[in-house]
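Number of protein chains: 4
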Amino acid sequence: MSKIVAKTAPMGWNSWDCYGASVNEETVRKNADFMAKHLKRYGWEYIVVDIQWYEPTADSHEYHPFAPLCMDEYSRVIPAENRFPSSAGGKGFAPLAEYVHSLGLKFGIHIMRGIPREAVAKNLKIKGTDRTAREIARFSSICNWNPDMYGVDPAKEGAKAYYDSIFELYASWGVDYVKCDDICRELPREEEELKLLSRALKDCGRDMVLSLSPGPALPEKAELYKETADLWRITDDFWDKWELLYEMFSRAERWCIHTGAGNWPDADMLPVGPILQDYNPANRTKFTEDEQLTMLTLWCIFRSPLMIGGEMTGFDDFTMRLLTNEKILAMHKNARHSHPVWRREIDGTEYILWTAVCAEGGQYLALFNAGEKAGELSVSLCDLELCGAFSMEELWSGETLTGTDSFSVSLPPHGAKAFLLHTVS
Amino acid sequence: MSKIVAKTAPMGWNSWDCYGASVNEETVRKNADFMAKHLKRYGWEYIVVDIQWYEPTADSHEYHPFAPLCMDEYSRVIPAENRFPSSAGGKGFAPLAEYVHSLGLKFGIHIMRGIPREAVAKNLKIKGTDRTAREIARFSSICNWNPDMYGVDPAKEGAKAYYDSIFELYASWGVDYVKCDDICRELPREEEELKLLSRALKDCGRDMVLSLSPGPALPEKAELYKETADLWRITDDFWDKWELLYEMFSRAERWCIHTGAGNWPDADMLPVGPILQDYNPANRTKFTEDEQLTMLTLWCIFRSPLMIGGEMTGFDDFTMRLLTNEKILAMHKNARHSHPVWRREIDGTEYILWTAVCAEGGQYLALFNAGEKAGELSVSLCDLELCGAFSMEELWSGETLTGTDSFSVSLPPHGAKAFLLHTVS
Amino acid sequence: MSKIVAKTAPMGWNSWDCYGASVNEETVRKNADFMAKHLKRYGWEYIVVDIQWYEPTADSHEYHPFAPLCMDEYSRVIPAENRFPSSAGGKGFAPLAEYVHSLGLKFGIHIMRGIPREAVAKNLKIKGTDRTAREIARFSSICNWNPDMYGVDPAKEGAKAYYDSIFELYASWGVDYVKCDDICRELPREEEELKLLSRALKDCGRDMVLSLSPGPALPEKAELYKETADLWRITDDFWDKWELLYEMFSRAERWCIHTGAGNWPDADMLPVGPILQDYNPANRTKFTEDEQLTMLTLWCIFRSPLMIGGEMTGFDDFTMRLLTNEKILAMHKNARHSHPVWRREIDGTEYILWTAVCAEGGQYLALFNAGEKAGELSVSLCDLELCGAFSMEELWSGETLTGTDSFSVSLPPHGAKAFLLHTVS
Amino acid sequence: MSKIVAKTAPMGWNSWDCYGASVNEETVRKNADFMAKHLKRYGWEYIVVDIQWYEPTADSHEYHPFAPLCMDEYSRVIPAENRFPSSAGGKGFAPLAEYVHSLGLKFGIHIMRGIPREAVAKNLKIKGTDRTAREIARFSSICNWNPDMYGVDPAKEGAKAYYDSIFELYASWGVDYVKCDDICRELPREEEELKLLSRALKDCGRDMVLSLSPGPALPEKAELYKETADLWRITDDFWDKWELLYEMFSRAERWCIHTGAGNWPDADMLPVGPILQDYNPANRTKFTEDEQLTMLTLWCIFRSPLMIGGEMTGFDDFTMRLLTNEKILAMHKNARHSHPVWRREIDGTEYILWTAVCAEGGQYLALFNAGEKAGELSVSLCDLELCGAFSMEELWSGETLTGTDSFSVSLPPHGAKAFLLHTVS
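Protein chains in written order, with numbering that gives the first Met the number 0: chain A, 0 to 424; chain B, 0 to 424; chain C, 0 to 424; chain D, 0 to 424.
Calculated directly from the structure, the hints in this document are not laboratory data.
Keep in mind that a hint or two might mislead.
If chains are identical, the list can't say which one is meant, so a pair holds when it fits in one copy or spans any two.
No more than 30 Å apart at the CA atoms, straight line, and that leaves these computed lysine-lysine pairs for DSS-like [stated by the list, open to error]:
| no. | residue 1 | residue 2 |
| --- | --- | --- |
| 1 | K6 | K220 |
| 2 | K240 | K220 |
| 3 | K194 | K332 |
| 4 | K121 | K90 |
| 5 | K194 | K105 |
| 6 | K159 | K105 |
| 7 | K6 | K201 |
| 8 | K2 | K372 |
| 9 | K220 | K372 |
| 10 | K90 | K124 |
| 11 | K194 | K372 |
| 12 | K240 | K39 |
| 13 | K332 | K285 |
| 14 | K124 | K159 |
| 15 | K121 | K159 |
Work out the full structure: start from the sequences and follow the hints.
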């Protein structure tokens, strides 16, 4: 029913994995420049400023309970000028968004559900109404990991005005993408607040993608997410640990039938290149190259949003190849009706097969080795109801193959291959 | 890996819905005759004799605890001669199977997991081993709704011999289809027994479909069912009540990604025509015609096995049309990657949209009205990532339609429509 | 190990049931006067000011989220002068406590666990430390039914100083009894905060009873309550409904072995006389007279604290007799090892028998009719291991009785009788 | 209401801990002789033959599924003559019971709930009715650890006759004590069968103690056990492991208010002296002497039934002293209103204090060290509401002590002391 804003699963960069709560204008511009120059042509386009951009003293991934926030007179958080100098003079994120737009990219921000605790303490006004912050706040609706906000009571007069006012502000800045936090797994308690917020965003006059966090989203609420949002996280924060990557096969299995056409269950950011990794700044992603290939292959056949987590200016050649493989990224665009076919244990190693129809003809197959040792296996096309002669290409290597009924594939531990197959009649 | 026996979801007739535990040879032959004459040409082919065919006194749907069973010297149940006269002289079901085969149809039987309680009481032999019934029975593994069997302990010597011996017997009779009961939702307690039984069936030298009951099967055990069986029930016994039909949308949603290529999650028999309906023999199915269209549409786009439950010789015209619509049955054959697209409440009525790729080109859409009043709604093809010009045919009515981006459809309460859509480039 | 402050279960009056959050000095003095004149001689002695005495705008039982609170410079709430005029000039509750003491009574107050939200918003000081309110508050530890406080993080420097400072203040006022709320059923999350608070109270230099709310307390934490507190609520708020009174038999059964010697599982206030009853001020308690006798009998043989909930100046004769029966109140003092003996259904009516040893000789029996019709039953003393000749007195009526082995008793619906029995040798 | 058969908690010997399923007449007589000569004078009186006495091939603790059982024509199990020679000629246990009676002792047997599987297979008669075994058996009510019986359906005609007939038989043998198994923790499924069985036993014309197994009994069904039985197990099988002994403090705490006057929550047999201990026949109890003192002290102050598990003829001096301390056994008789007072951790060691009133004057105290190291602690009598001067005797050692308000006690790890205290006025 609703207009589809995110026709394909968004691709971009998010500041959290490398900068935690302390992202600033310089790092955002630097990464935007890099994306425009090196990645834009492959479809990467969003630059998203994650949490705490309104907190002047933020300096790491840790939150500062009760720290003062930058707000306007209407209870709305605004960028901290010491961290985002271009916002000075009440300009907010407009100058930074304009810069990102000038590069041919899109601009996104993170917000927390609710109204600032400090606006309630000071009982600030709400734009477009004579109600005040205290009158719409719910004192017991408070995020359990971030101290800054109270939830808003949708039943209160003034609640709609508040949410309308913040999206009006973001639209005036030129925001293209809003990652709203503390709103995804709290359902159904905050369901009505989500509906109010979603409605306000859709009515604000500017197309903005709405992304819900944190995960895991609730499968029984799938239709609600589809109705209210473009993206929703299907997992808690994803980091560079094999266990988390392995779990994603089950999460993707649960959500694959809800993917497509403006609805993008989100497997979270890609911890590639230089990242904080449990906030140890010395290192790069702990994923092996094979694990990163597995990650990209799964994210792309499942059509998860692709949000780069690492500091892009520090990317090495492998990371660049990983993120710019045109055939893999075509699968991210063209896959339809993706789903797992089987999970099988062969000689003590678990293998996983996914498939998807290619919108441009042919059928995608992705094969994963979830075990600890290399292995070779024979894949029967009859398991896919595709018995007969075929030709196919492995997308990472470009190797091609023809055969009948089945083919063999060898896979390193934690490794993956992706194929585009055509039947030959 | 395994050979695929049921390349498409089986279609047939099962005696339970109309005869309970008291099915006999005459009724089987009568229905086989009818199927051969009127339904075979549409793909209907299995004739399945359900539970208690080895119990001479069975006379209704109620079980008779501790009633004597017909068995051979090797602890194997055999048909009760008073109910299946052609089995006299130790011929078992061979004559009846031969008759069914002579009509161009296939023959199936129901079995209970385990070994007869009475074989254990008498400590009968097990073919091919010097072990006895007592030595392989598990005294505490007993079906809680049927009194006849003990489970078999897979760890005991003789257990494999027993299961080998029963499938050897069924193969010698010419059985094509085995519905094994008390084995589907009892997992994981009986998981090893299922594996043993499945292996014995596959090794018996004759292709037989293995169908598991009762449901609901356990979603977390999907790969086990796929490995061991051709069909498994995703629901408890299904009868002609709207609540049960409505629930099937959720059940099918949960199982759709596991459907295809010899794996057929089973929505249970079709209670159409004259059935016992809670064992009141006076009446016919309580489903309205629209509900029956909804049932067939869902079963076919989901590719559930189709097993007729009613007494076929009493079918009226509507029932015949319901079961012989060639385009709907083509969808049952050609649907691929079926899944729901959305469930939406519009004006207080819930609508449900499913889709599937057609293996012969085009895309299936099935639209359901799950509410209590008629309604008309607009369907956006963009929700299916199919924006643009299209032509399509409604499969029940044969009506055709062309358009761009969206179309309107009106649906009676509890009603359904099914479309085959082609995009026009 | 600890000094026992409440040697017997406290008896007194609490403002909640009749005044909600809006209690004021006048009503407190009026009830203290009444108690001193009419009830003190029977052992009633505590006058307890319940919640929100620091909130100037409180005017009913409803809380006012984000209303300003009266505080001193050290983050401590102080009485609202408009409601407690004698507190003017920084005197706090000292004048009111002095008045209550002058009547020969004791003075108690209600507090909420934690530190005022407003003290955190203003980042007030904490007495005796250079830490501030913000530094010890836990932003996500917030009572879900009252908006005023944040929990205090016991691990933070300054936390102990805060709790020390509030009990120092209460001691300086002359407080004898502290009912601490939002701390009883939240265990184990707030267990460490309870220990810190309890230690601070015990070390403050003045004997104060510590009563924990709200219930139901957690049976598996019995030893913790015994270690830290004098009273703890075994039920959610108790009101004048039979269902709640009936449930108390089970609650008392669960807690009876933990009663005695400074540990008083608390069945909550007595809703007698004029009370708000679901905040409808027009009426008096909905309990029948028999139900009130049942309540007093159970509370006294179980030795629950006895806290009057009604406005005492409006008591009628029945209520006065109910609360001044010297033999019943002697049971409240002298019962030891109380416990239920049996619950039995006789002719469709449930009867319940409790017993306790009398510290001054003899044995108490309390017999309850939990059913809807009057009944007579024979009680076997052998069920109490007291076979033989006996004499006994019914405590409400003063009737006496002698016999051997058993006796008969008749009871109205929801009614009770209590006996002191002596065996005759 | 019911007549109280077990006026005090039974004391005796049971064959299970030392002989498993293979007890025979010789071992029973040998232990009866020993008890009569050495233990009878201290109150020990029951000799109980545990499970499988009707199974001719039983030879260890393991059950033999589907082994033939000795039965009479009326579906009733009878002693296996090869194991109980005196039962030959249809005499059953009458000669053995007579022998035990001749020693001044009482005779008990173990039974399984239900009717023999083999009686159902053979469809034997039921005495006093024309119904047969098959007609009353419930095929799905089968003990999950013993293969011999089907439950009896209380709703079936013939069910009462069956239970009447077995107790008639046991009464004719002279049985004094029936330990009924597979009936205690299976509630509420088998609740009606328990009521039927209990009624049949009470109506059989001979006083018999009814003991229910296995545990743990369900606390929420306490009143049912009190109504139907004399004893019920509050634990699964108890063996000589400290963890099991330690848990018994919690189990006893849960059940203490239900103890007394013919109702004896049962902490299970005492694994003392030579026992099988996980069925390793080489060894004696693994409990240390202190642990055995702890066990006896807890069992006696709680008034659990006392059933010796070891082979008595192999007792050493310590075991004899353990079981013949007259003051400890007096506590087992005279304790009233037993309950724990506190559990406290002092210097990392948990101590537990229980108390009980002594029916002959004074108060019992039992103090336990549940930790791994020796310790000394001061016990405040004020915690028992017994402040003041006192004199007391330690019951195991006979040491006496006087003092005021408190006393010190030292305890070895896993050790216990028991006191009888008198206040001095």
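Hints, one by one, checked against the model:
For the homomeric pair K6 and K220, the shortest alpha-carbon distance inside one copy (22 Å) is at most 30 Å, but the shortest distance between copies (35 Å) is not. Both within a single protomer and between protomers do K240 and K220 lie at most 30 Å apart by alpha-carbon distance, with minima of 28 Å and 26 Å respectively. Taking CA atoms no more than 30 Å apart as the test, K194 paired with K332 passes inside one copy only; the shortest distance there is 29 Å, against 41 Å between copies. Proximity of K121 and K90 under a CA criterion of 30 Å is satisfied in both settings, with 23 Å inside one chain copy and 29 Å between copies.
Taking the shortest Cα distances, K194 and K105 sit within 30 Å of each other inside one copy (25 Å), while across copies they are farther apart (53 Å). In the homo-oligomer, the alpha carbons of K159 and K105 lie at most 30 Å apart inside one protomer (27 Å), although the nearest pairing across protomers, at 51 Å, exceeds that limit. In the homo-oligomer, the alpha carbons of K6 and K201 lie at most 30 Å apart inside one protomer (15 Å), although the nearest pairing across protomers, at 47 Å, exceeds that limit. In the homo-oligomer, the alpha carbons of K2 and K372 lie at most 30 Å apart only across protomers (27 Å), although the nearest pairing inside one protomer, at 47 Å, exceeds that limit.
In the homo-oligomer, the alpha carbons of K220 and K372 lie at most 30 Å apart only across protomers (25 Å), although the nearest pairing inside one protomer, at 38 Å, exceeds that limit. Taking identical chains as interchangeable, the C-alpha atoms of K90 and K124 lie at most 30 Å apart only when both belong to the same chain, with a minimum of 20 Å there against 36 Å between chains. Within a single copy, K194 and K372 get their C-alpha atoms only as close as 47 Å, which misses the 30 Å cut-off; across copies the closest is 26 Å, which meets it. Taking CA atoms no more than 30 Å apart as the test, K240 paired with K39 passes inside one copy only; the shortest distance there is 28 Å, against 56 Å between copies.
Proximity of K332 to K285 under the C-alpha cut-off of 30 Å is restricted to the intra-copy arrangement: shortest distance 28 Å within a copy versus 47 Å between copies. For the identical chains of this complex, K124 and K159 are intra-copy neighbours only, at 14 Å inside a copy versus 37 Å across copies, given an alpha-carbon limit of 30 Å. For the identical chains of this complex, K121 and K159 are neighbours both inside a copy (20 Å) and across copies (28 Å), given an alpha-carbon limit of 30 Å.
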